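Visitor: Note that the protein sequences, when read in sequence, are chains A and B.
Here UniProt numbering is used: the first residue of the first sequence is 1, the next is one more, and so on.
Here UniProt numbering is used: the first residue of the second sequence is 1, the next is one more, and so on.
Note that these hints are calculated values from the structure, not bench results.
Quick caveat: nothing in here was measured; it's all calculated off a predicted structure.
Be aware that one or more of the hints could be misleading.
Said to hold, decoys possible - Pulled a few chain B residues facing chain A out of the computed Cβ check, cut under 10 Å:
1. Ala-56
2. Leu-181
3. Asp-183
4. Glu-237
5. Arg-239
Beta carbons are placed, not taken as given, at the ideal position from N, Cα and C, and that holds for glycine.
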Amino acid sequence: MTLLQADALAFGYPGREIGRDLALRLAAGEALALLGPNGGGKTTLLKTLLGLLPALDGTIRVEGRPLADLTARERARAMAYVPQAAASAFAFTARAVVLMGRTSRTGLLSAPSRADHAAAEAALHRMGIAHLAERPVTRLSGGERQLVLVARALAQEPRIVVLDEPTASLDFGNQGRVMAEILRLRADGLGLLFTTHDPNQAARYADRALLLRGGRPLAAGPVAEVLDAAALSRLYGAPVEEVRDTESGARAFLPGR
Amino acid sequence: MSGIALASTRAVRLGGPWLALLALVLAAALAFGVGRYPVSLLDVARVLAGRLTGHAPDVAPAVEAVILQIRGPRIAAAILVGAALSVAGTAFQGLFRNPLVSPDILGASSGAALGAVTGIWLSLGVLAIEGLAFAGGLGAVACVYALGTALSGRDPVLVLVLAGIVIGSLLGAGVGLIKYLADPYNQLPAMTFWLLGSLSGTHPSDLLPLAGPVILGTGLLLLLRWRLDVLSLPDEEARSLGLATGPLRIAVVAAATLVTAASVATAGIVGWVGLVVPHLARFLVGPGFGRLIPTAALLGAGTLLVIDTLARTVAPVEVPLGILTAFVGTPIFLWLLARAERDWS
């Protein structure tokens, strides 16, 4: 089932188009990587797909309905956004942050219900961070904070989770840990869309990839088909070398030297 | 924000509002007890009970007059103004995602002051003065916010604070102009003393025009407390959670400016309370607005009550409130700033 679909999309800011002619499909239980060099329009595209920026042209459909017809509340129930974990101004506890994920499911003036608290609690457990619930997020490590933001996204009970560079600020070990937790969500039929500038991330964790350079799609399809040294060299404008383990078939890409 | 050393203990966080309430009751007992006619809380209770039941209270008529006509209204005004400034500061800090902003820094106070001074100069009534103070405060915050948004190239918070300083000094010039034009024998001394902050002339009839807006604005902010938590996230994050940030932000600015304007129209410019008290409240109960707003209101009320009690007792003549709060607030603010370098981004 197609959860998110964009056709002939042009995106950017009013008076400053960043990309166009973009088509994209995200199915339930699938992870799609938006891959490309920094400054290639990945984050802008994400914000457009989330409805945080208006599309300049083309259509976006969420579960078949035009995105423009959805209210902010309906959008938030369908799609959750995990931004790059920035430092927070206030020391909310992890539990309070996750509870904020229930915003689209509570009334304007009403307090979170018992069900909302239960959903937040379940999301904390799901990401394996229940022990951090009472800790201020300002005192968490980058990896822990990222997991809190993913838990907040889960508390929204969305169909689609959109992640912006989910591992950008994490160390090597945490990158794997966080991505593994995130990918488990596919089993529940969630559609995952994440940006990355690292082809190895896309190759290892995504089912399909969309290669984005200068706002234009270079290639799209299953990672096994679209990710190769030639395509990545074109994408980054720099030589890329592919290494393959003959036993496991695992692939990795090395930047040129 | 940093330093939730205290708030990390759950018991303190839950008990924080009660602690603040206790502090306020103690401050009220002190405020009634100090002065030329010392009055105990028991006397106050007797007089209030007498009022409610219609029986003559069992206290001296002079004491009853002090309670009902002089000290009582002044104490009530101090409580309302302290609560108003602290609640406004709490809301502004959350709204601008910056623990270092306050009604003073954002121009709400100076805008309200210009409006109120204009009202005094034109010899208008209390409600008209309050209305002008509200319009002035709202206009000033809107200007500062618009400037901050238009110019926020590199450091939005810095631009915001600088815009507040620029607009504030412009409004200060406006106040100066009105003072220059005012009648130097009748209006000018009143204006000058009022601008320094004072509750000395509080009359029972001043309380309703003060309490109405303060309760209205604080009530609105309290109703929105869960949304305020979300509003303190970066704008796009808050919107992605389903919050209509634009209308909500306008409602919060209007509510916070309303309570600021009401307090400025009554007490003049009382700085620092709206900056410092929200921090103390956050230390106690953490950043969640559900507990933060009532705690800040109670702490602010107690703080200003103590300061006002000092203002009328430490010297043979009244000391202006704004001067006392500056003496207390400046060192605390510098301490906060020193911590900020370590912990705030």
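Visitor: It remains to establish, for every hint, whether it holds in the given structure.
Guide: The hints, checked one at a time:
1. For Ala-56/B, the interface hint is violated, since its Cβ never comes within 10 Å of a Cβ in chain A; the closest pair sits about 44 Å apart.
2. Taking 10 Å as the C-beta cut-off, the interface hint given for Leu-181/B is violated, the closest approach to chain A being about 42 Å.
3. Proximity of Asp-183/B to chain A is violated relative to the hint, the smallest CB-CB distance being about 47 Å (cut-off 10 Å).
4. Taken as an interface hint, Glu-237/B checks out: its beta carbon lies about 6 Å from the nearest beta carbon of chain A, inside 10 Å.
5. Interface restraint check: Arg-239/B against chain A, minimum CB-CB distance 6 Å, threshold 10 Å, status holds.
The earlier numbered hints that this structure contradicts are 1, 2 and 3.
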